[in-house]
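Protein sequences, first through last, are from chains A and B. Taking the working numbering, the leading residue of the first sequence gets 1, the next gets one more, and so forth. Taking the working numbering, the leading residue of the second sequence gets 1, the next gets one more, and so forth.
For the record, the hints were derived by calculation from the structure and aren't laboratory data. Model, not experiment: these values are computed from the prediction. Treat the hints loosely; a few may be bogus.
Label-pair distances were calculated between CB atoms; the ranges are [as the list claims (entries may be wrong)]:
hint : chain 1 : residue 1 : chain 2 : residue 2 : range
1    : B       : 20        : A       : 147       : 46 to 52 Å
2    : A       : 75        : B       : 85        : 39 to 45 Å
3    : B       : 85        : A       : 147       : 26 to 32 Å
4    : B       : 89        : A       : 2         : 53 to 59 Å
5    : A       : 232       : B       : 112       : 43 to 49 Å
6    : B       : 20        : A       : 170       : 45 to 51 Å
7    : B       : 89        : A       : 119       : 18 to 24 Å
8    : B       : 109       : A       : 57        : 25 to 31 Å
9    : A       : 119       : B       : 283       : 55 to 61 Å
Far from chain B, by Cβ distances over 10 Å, these chain A residues were calculated [unchecked claim]:
hint : residue
10   : 15
11   : 16
12   : 78
13   : 83
14   : 93
15   : 94
16   : 101
17   : 106
18   : 138
19   : 157
20   : 169
21   : 182
22   : 187
23   : 214
24   : 218
25   : 243
Reference excerpt, derived from the structure (chain A facing chain B, CB under 7 Å, subset only) [what the hints assert, rightly or not]:
hint : residue
26   : 73
27   : 77
28   : 91
29   : 98
30   : 105
31   : 118
32   : 122
33   : 147
34   : 149
35   : 153
36   : 238
Glycine residues also receive a C-beta, built at the ideal position from the N, C-alpha and C atoms.
Here is how the chains run, residue by residue.
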Amino acid sequence: MSALLEVSGIGIAFGGVRAVDDVTFSARAGEIFSIIGPNGAGKTTLFNLISGVYRADRGSVKLAGAEVGGMAPEQLAARGLSRSFQNLQIFFRMSAVENVMLGRHIHEDKSAWRHLLGLPSTARQNRDTRARAMALLERVGLAALADRQAGSLSYGMLKRLEIARALAAEPRILLLDEPAAGCNPTETAEIDRLIVEIAKSGIGIVLVEHDMKLVMSISDRVLVLTYGRVLMEGVPGDVARDPRVIEAYLGAGLPGSEGSHA
Amino acid sequence: MARFLANRWISLALVAALIVLPGLILPSSYYFRVGALVFISALAVIGLNLLLGFAGQVSLGHAGFVGIGAYAVAILPARFDVPVLLAVPAGMVLSALVAFVIGRPILRLKGHFLAVATLGFGVLVAMVLANEVGWTGGPDGMSVKRLEIFGERIRQPRDWYWISGTLLLIGMAIAQNLLASPTGRALRALHDSEIAARVAGVDVARIKVTVFVISAVYASVAGSCLALLNGHVTPDAAGFLQSVEMVTMVVLGGMGSLFGSIIGAAFLVILPQALTLFHEYEHLMLGILIILIMIFLRDGIVPTLHRLLMERRS
Ligand SMILES: Nc1ncnc2c1ncn2[C@@H]1O[C@H](COP(=O)(O)OP(=O)(O)OP(=O)(O)O)[C@@H](O)[C@H]1O
Ligand SMILES: [Mg+2]
Chain A
1 MSALLEVSGI GIAFGGVRAV DDVTFSARAG EIFSIIGPNG AGKTTLFNLI
51 SGVYRADRGS VKLAGAEVGG MAPEQLAARG LSRSFQNLQI FFRMSAVENV
101 MLGRHIHEDK SAWRHLLGLP STARQNRDTR ARAMALLERV GLAALADRQA
151 GSLSYGMLKR LEIARALAAE PRILLLDEPA AGCNPTETAE IDRLIVEIAK
201 SGIGIVLVEH DMKLVMSISD RVLVLTYGRV LMEGVPGDVA RDPRVIEAYL
251 GAGLPGSEGS HA
Chain B
1 MARFLANRWI SLALVAALIV LPGLILPSSY YFRVGALVFI SALAVIGLNL
51 LLGFAGQVSL GHAGFVGIGA YAVAILPARF DVPVLLAVPA GMVLSALVAF
101 VIGRPILRLK GHFLAVATLG FGVLVAMVLA NEVGWTGGPD GMSVKRLEIF
151 GERIRQPRDW YWISGTLLLI GMAIAQNLLA SPTGRALRAL HDSEIAARVA
201 GVDVARIKVT VFVISAVYAS VAGSCLALLN GHVTPDAAGF LQSVEMVTMV
251 VLGGMGSLFG SIIGAAFLVI LPQALTLFHE YEHLMLGILI ILIMIFLRDG
301 IVPTLHRLLM ERRS
């Protein structure tokens, strides 16, 4: 299978500090590709580069073979790239279901004229969008709270709401930035199951996660980032045993110590 | 009750009742005039609320578009023999064009910078209107030809009460349509997180300009009605104080509440009339009332009452 997302030699510097430096990797459809590394290693920055939030100083990003470097997030969305955020980016004033409905924006009619006139076609599409959003809320276990204002939901719920919103776009590749951070064990298990299920449906997943147990058990491949650079890449078992990785993690908990070597 | 108000047909019926019932009992044309002023202001405030309350983009120069609408019905019929009924849409098109052209560069700014840039726009319009004496009559303004329908000149406040009430109802319905659509969700989303909206595929720059243009057209229609009701316009219609009053109406009634726009407008139009009883203390009283509302009903009158109702129910 050819790579869905190809990142090569990508980098960015903030005031002389190379937050991401010459990172290369590729992720395939249906696989879970995880990126781990200590705090400040540049994982979120890498996601911001890939998703068009930041503009890379150098390197290239290809999506399904086409160069997409320098494109804006909304253009990448239309090409099938979606993501979640480490620090929640929720539409707090909107209801839970409206948050997910917004996720379907790229599939909806954009004509403001038709929207102002409230045509039957707009109403029909709204019903369809809502039905699909409800199905996704069902999938992440939030259907009962669909009409609650998002601002009133708990942190763990909002993490799942972000995943539902990202899925609403029907992406080909999904970047998840610490989806289980701050969640209790039950919620983490829930998110774990969800990620595996998403990958099974053929979506390529790039996962940043600190929960080593989660990473080692569900990932197909793991890339280790330190100081913005790739330390190594491999299958979970190899990564967990690698002395360089263990050293990078000293003081931050050994990744292999609790890995299940799947 | 809260759920009841959320239904669009019910809230439209409520607004219709608030227009029709007083219209049946108001005793004199003075009251009809005040009513018409409430509806006209509410129309402009609904438009501004879409921009400020829903999309979270401030404009301190929106009276500039009121001025464009007002002077369109003053200048076009007087100087170019354009029928008044055509001058209103001409003003709408002109306002939309101006909003479209200045919208892109201005709406890239955020927060205070956006506030200052829009303020500049409003001041500019008011200055042009005051200085182009040959066209606009300068600071003293100019008289406005009355609207004629089937050869009848519409000048009674009572007639304007019903015309502006109808326009308010239409404006409310259109705003509801918009908010329930993908464009509406997009503009509300960018209020909370532009970056998440963009990642979901929303062209944030385009949506901002769209809502800016729409709100400018609301203001323009209101300006045209105001000029036709008064039979006279001055550059004050586009002035900074008018812009600030519009923003105050949005905030008092409730940011992000269409019904709040009407309440906010009614409050600031009716209250000063009622407070004239207190002679020189009129402004003092008004100021104190506004401060008290902002302290005790911080989210605005309608959203706060709405929340209290919800809490009592549960
Ligand atoms: N916009 C920015 N301006 C300046 N420095 C930045 C910016 N974004 C990130 N950095 C820096 O880049 C480095 C990498 O940060 P990043 O958030 O990508 O780390 P991370 O691997 O996601 O860490 P964590 O595990 O804590 O989430 C940090 O030193 C950070 O301070
Ligand atoms: Mg991070």
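Structure-based check of each hint:
1. 20(B) - 147(A): 46 to 52 Å: 32 Å, violated
2. 75(A) - 85(B): 39 to 45 Å: 44 Å, holds
3. 85(B) - 147(A): 26 to 32 Å: Given about 43 Å between the Cβ atoms, the range is violated.
4. 89(B) - 2(A): 53 to 59 Å: 55 Å, holds
5. 232(A) - 112(B): 43 to 49 Å: For residue 232(A) and residue 112(B) the Cβ distance comes to about 48 Å; the hint holds.
6. 20(B) - 170(A): 45 to 51 Å: Once the Cβ atoms are compared, 47 Å apart, the range 45 to 51 Å for residue 170(A) and residue 20(B) holds.
7. 89(B) - 119(A): 18 to 24 Å: 21 Å, holds
8. 109(B) - 57(A): 25 to 31 Å: 26 Å, holds
9. 119(A) - 283(B): 55 to 61 Å: Since residue 119(A) and residue 283(B) have Cβ atoms about 47 Å apart, the given range 55 to 61 Å is violated.
10. 15: 21 Å, holds
11. 16: 25 Å, holds
12. 78: The claim is violated: residue 78(A) sits with its nearest Cβ about 6 Å from chain B, within 10 Å.
13. 83: Violated, because the least Cβ-Cβ distance between residue 83(A) and chain B comes to about 6 Å, which does not exceed 10 Å.
14. 93: It is violated; residue 93(A) is separated from chain B by about 6 Å at its closest Cβ, not greater than 10 Å.
15. 94: With a cut-off of 10 Å, residue 94(A) comes too close to chain B, as the shortest Cβ separation is near 6 Å.
16. 101: 6 Å, violated
17. 106: Per Cβ check, residue 106(A) is inside 10 Å of chain B; nearest 4 Å; violated.
18. 138: 20 Å, holds
19. 157: 16 Å, holds
20. 169: 6 Å, violated
21. 182: 18 Å, holds
22. 187: 21 Å, holds
23. 214: 23 Å, holds
24. 218: 24 Å, holds
25. 243: 38 Å, holds
26. 73: 4 Å, holds
27. 77: It holds, given that the least Cβ distance between residue 77(A) and chain B is near 3 Å, below 7 Å.
28. 91: Since chain B brings a Cβ to about 4 Å from residue 91(A), closer than 7 Å, the hint holds.
29. 98: 6 Å, holds
30. 105: Holds - the Cβ of residue 105(A) comes within 7 Å of chain B, reaching about 5 Å at its closest.
31. 118: 3 Å, holds
32. 122: Because about 5 Å separates residue 122(A) from the closest Cβ in chain B, which is inside the 7 Å limit, the hint holds.
33. 147: The hint is violated - residue 147(A) has no Cβ within 7 Å of chain B, the shortest such distance being about 10 Å.
34. 149: 11 Å, violated
35. 153: This interface hint is violated because 14 Å lies over the 7 Å limit.
36. 238: 33 Å, violated
Checked against the numbered hints given earlier, the structure breaks hints 1, 3, 9, 12, 13, 14, 15, 16, 17, 20, 33, 34, 35 and 36 and satisfies all the rest.
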